[in-house]
Amino acid sequence: MAEPGKTAFIDGSRLMIEAAVRAGAEVFVGYPITPANLLYAYSSRRFPMVLPAPDEITTLQWMSGFSAAGRFPVTATSYPGLALMIESIGMAFMMELPMVIILVQRMGPATGTATCGAQGDLALLRGINSGGHPIPTLCPSDMDDCYTLSARAVELALRLRCPVFLLSSKEMVMTLRSYDLSRLAPVTPAPREHYRGDGPYLPYAAGPDGVPPFLPVGNREHQVRFTASTHERNAGLQHSTPEALENTKRLRTKTESNLGEYTLYDYEDRRSDTLLFSFGITAAAAREAADNLARRGRPVSLLVAKTLFPVPGEYLETAGRYGRVIVAEENQSGQYREVLFGRNGREGVSGVNGIGRMISPAEIEREVER
Amino acid sequence: MSRSFLSTENLPFCSGCGHGLMARSLEKALQRIEGLNPLDLVVVTDIGCIGIIDKQFASHTVHGLHGRSVAMATGISMGLADPDKKILVLIGDGGATIGLHHIMEAAHRNIDMTVIVHNNMLYGMTGGQPSGLTPCGFRTSTMPEGRPDNGMDLCRMAHAAGAAYSRRIMALGDVSDVLEEALRVKGFSLVEAVELCTSYGVKFNPGRKLTDIAGDAGMTPVLLKNPEASAFRPEADRDTESLFHGVPAPEKRFGHNLAGKVSIILAGAAGEGVQSTAEMLALAAISCGLSVTKKGSYPVTVGVGFSLAEVIISTKEIHYTGIAGIDAVMATSREGLQRALPRIEAMKSGSVYLDASLDRPETGAELVHRDYRGPLGYRSASLLCAAHYLSRSGIFPIEALLEALSASRAGRAVDAAELLKAVEEMERAGV
Ligand code: SF4
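For the protein sequence lines, the chains are A and B, in the order given.
Residues in the first sequence are numbered consecutively from 638, following our numbering.
Residues in the second sequence are numbered consecutively from 180, following our numbering.
Just so you know, the hints here were simulated from the structure itself, not pulled from any lab data.
A couple of the hints might just be wrong.
[As the list claims (entries may be wrong)] Cut-off 30 Å, straight-line C-alpha distance, at most; resulting in silico cross-link-like pairs (DSS-like, lysine-lysine): (1) B/K600 - B/K440; (2) B/K527 - B/K440; (3) B/K234 - B/K365; (4) A/K643 - B/K495; (5) A/K891 - B/K234; (6) A/K886 - B/K495; (7) B/K431 - B/K207; (8) B/K431 - B/K600; (9) B/K431 - B/K234; (10) B/K388 - B/K207; (11) A/K643 - B/K440; (12) B/K207 - B/K440; (13) A/K643 - B/K527; (14) B/K440 - B/K382; (15) B/K404 - B/K388.
[Stated by the list, open to error] Quick look at which bits of chain B chain A covers, simulated, 3 or more residues with Cβ under 8 Å: (16) 335-349; (17) 511-523; (18) 533-540.
Ideal Cβ positions, reconstructed from N, Cα and C, are used throughout, including at glycine.
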């Protein structure tokens, strides 16, 4: 057993699964897909319950059933699996069912290259819900984050009653590293609040924070109803009554109005005119580039985003203080840059992009020094 | 609490629709299950005319995606894992078509639930199109000449998949006895009720009776049972061990002579211990107080072809795990050399350790050409090469690698003394 203070040789997948279980995740529903298989393998050893699903639509449906029954489900997949899951993720979002989907990005389009990492799913995640309702998306930037954000994802899904993405990439979950386990902050089970009123229980009657109290189906106290169609507070299907439309709008505002609770990013102000912005697997290169540049007397400030969706206002606010902003991400077109600055960008904003390989510190340094 | 499960007043169906008859029979059947409280019942529906029945229920209800009810109900049934609860799925033939796989999976696993498929032989909600269960000769809006072949026999398919109980009935009169029997089954039960959609079925098939349409196509009543098997319950609440338990975490026992970092590529073939050698090298580095990263790459069929590993060893914490400048390549087989060749050719410094059997590549790196596959056999070629690299580069003591070897599975197959001897001979035989 690794003693605290000892350096272990581990990968990010192990940290993610250990943290999710410690935070209270109970069921892993798995369907094999590269490069997410390590997460499935660890889950099969660690989760209190593990089920092999016959496909990814079934995966999400079983997860939704577990969640409706009050058991917290997790899965791990990559784009081809996610594509099959999307309709059901929308369902879980509409039904307000807590769950975590770990998405390990690989290079597309289509089956692309299964064993090549990427950060190419941002544009898809941004608009994954019909209607544009964002699904909270946390993105680990290093080993510490793999542990912390995985636990946060479970907690957040319960807190907001909705699916949460933990967005990663092949290199983050598969690379083995020396890692000091004593760095890990303790993870305790996430709080689970169930409705305790006298009824009648309205499954979609939310408090001021926009989150309705949860009750599982099968309980003997109150009738529970879940629905994927447009509905009123009692879950009754409605075409577009004012109450039903308010409910649909609430689904958007509940993730956005509580964003302050889960706006997670690192920001280092190094007194520079240039802000280097990155996230996920490319954050490591950005950190290294920032250090190298500082040593060469060309300091840049650094923002590593960890909450990607909904987009925290702090990112544009911070970027607004800099004449130059360089967004480094492993995709062809600068997907998150476009999320932040729009199709036409902004003067002084540029990207460091690439596919089929990790973005290197040297490329970022060249762009800064250009 | 009232024992009414399902209000049959103001049902949302066209007059004469079989769904209404089924609803009335269902309420009767549920009433007869002793001790069943409405809150012990979870009704799962989805898209289609029958799906909107959920608002009539006093039980728990879930209204989901078209055809996915059975999968959602499977999750609920496994999640509740309570034999006192009843999970009831109400879908149509359209839902059974798009979600056929979910039905087979639930039947096969004998998931505790009852599925009633209201088979009116077409999609009613969307204008009367044919489904996978539409029988031969039945006319629909988009097949006005009638379907030329027969639809699937859902009951026989569910039975073959392992359903405890599958039954086809005609939705005529009072069918509450059948529904009651299905509801009492422990495990997976399916009732396919053949109905007529009064809006589209009757319109496109004027004058034809339900029993004739079904009978002409061989869609006759059937009851199929598999021997009683207990309903599937997944193993829940397993007591598992922390994933940190037993992870390799060598103590710092050695010093090192490294300044900065080295980036190493091990390039061999499957079965030569490339990945395990890379891991031993990494663990050895950790035992010298160094930071390390390791990644592997190999074809999707892991047992053949090249096997490459990248190892970075550094005195400082490593953020970026890519390799910019290569310090050493250990090429021990043709497949590995071929794979790493473009990177070897691009090297302007560093060393390439190359098995004697391989042709010398064009490179600006120093070439160290030795027999790595011979002395301990090809399975240890990678290990011998790594040991030789340590011995020549002196970045940390070779003893650290021997220590990692003895703690590993490979340690049982390789004798440390022989390894050391082979390295020493290699040095003596040096250029
Ligand atoms: S359209 Fe057909 S299936 Fe739908 S309610 Fe009317 S008769 Fe029944």
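Cross-check of the supplied hints:
1. B/K600 - B/K440: 28 Å, holds
2. B/K527 - B/K440: Holds - the C-alpha atoms of B/K440 and B/K527 are around 17 Å apart, at most 30 Å.
3. B/K234 - B/K365: 27 Å, holds
4. A/K643 - B/K495: Status holds; Cα separation ~16 Å.
5. A/K891 - B/K234: Distance ~26 Å between A/K891 and B/K234 Cα, so the pair holds.
6. A/K886 - B/K495: Outside the cut-off at roughly 50 Å; violated.
7. B/K431 - B/K207: Measuring from Cα to Cα gives roughly 74 Å; hence the hint is violated.
8. B/K431 - B/K600: 26 Å, holds
9. B/K431 - B/K234: 66 Å, violated
10. B/K388 - B/K207: Holds - the C-alpha atoms of B/K207 and B/K388 are around 26 Å apart, at most 30 Å.
11. A/K643 - B/K440: 21 Å, holds
12. B/K207 - B/K440: Roughly 77 Å separates the two Cα atoms, so the pair is violated.
13. A/K643 - B/K527: Measuring from Cα to Cα gives roughly 37 Å; hence the hint is violated.
14. B/K440 - B/K382: Roughly 80 Å separates the two Cα atoms, so the pair is violated.
15. B/K404 - B/K388: 29 Å, holds
16. 335-349: Per the Cβ count (0), the hint is violated.
17. 511-523: violated (count 0)
18. 533-540: Violated - the region 533-540 of chain B has 0 residues with a Cβ nearer than 8 Å to chain A, which falls short of three.
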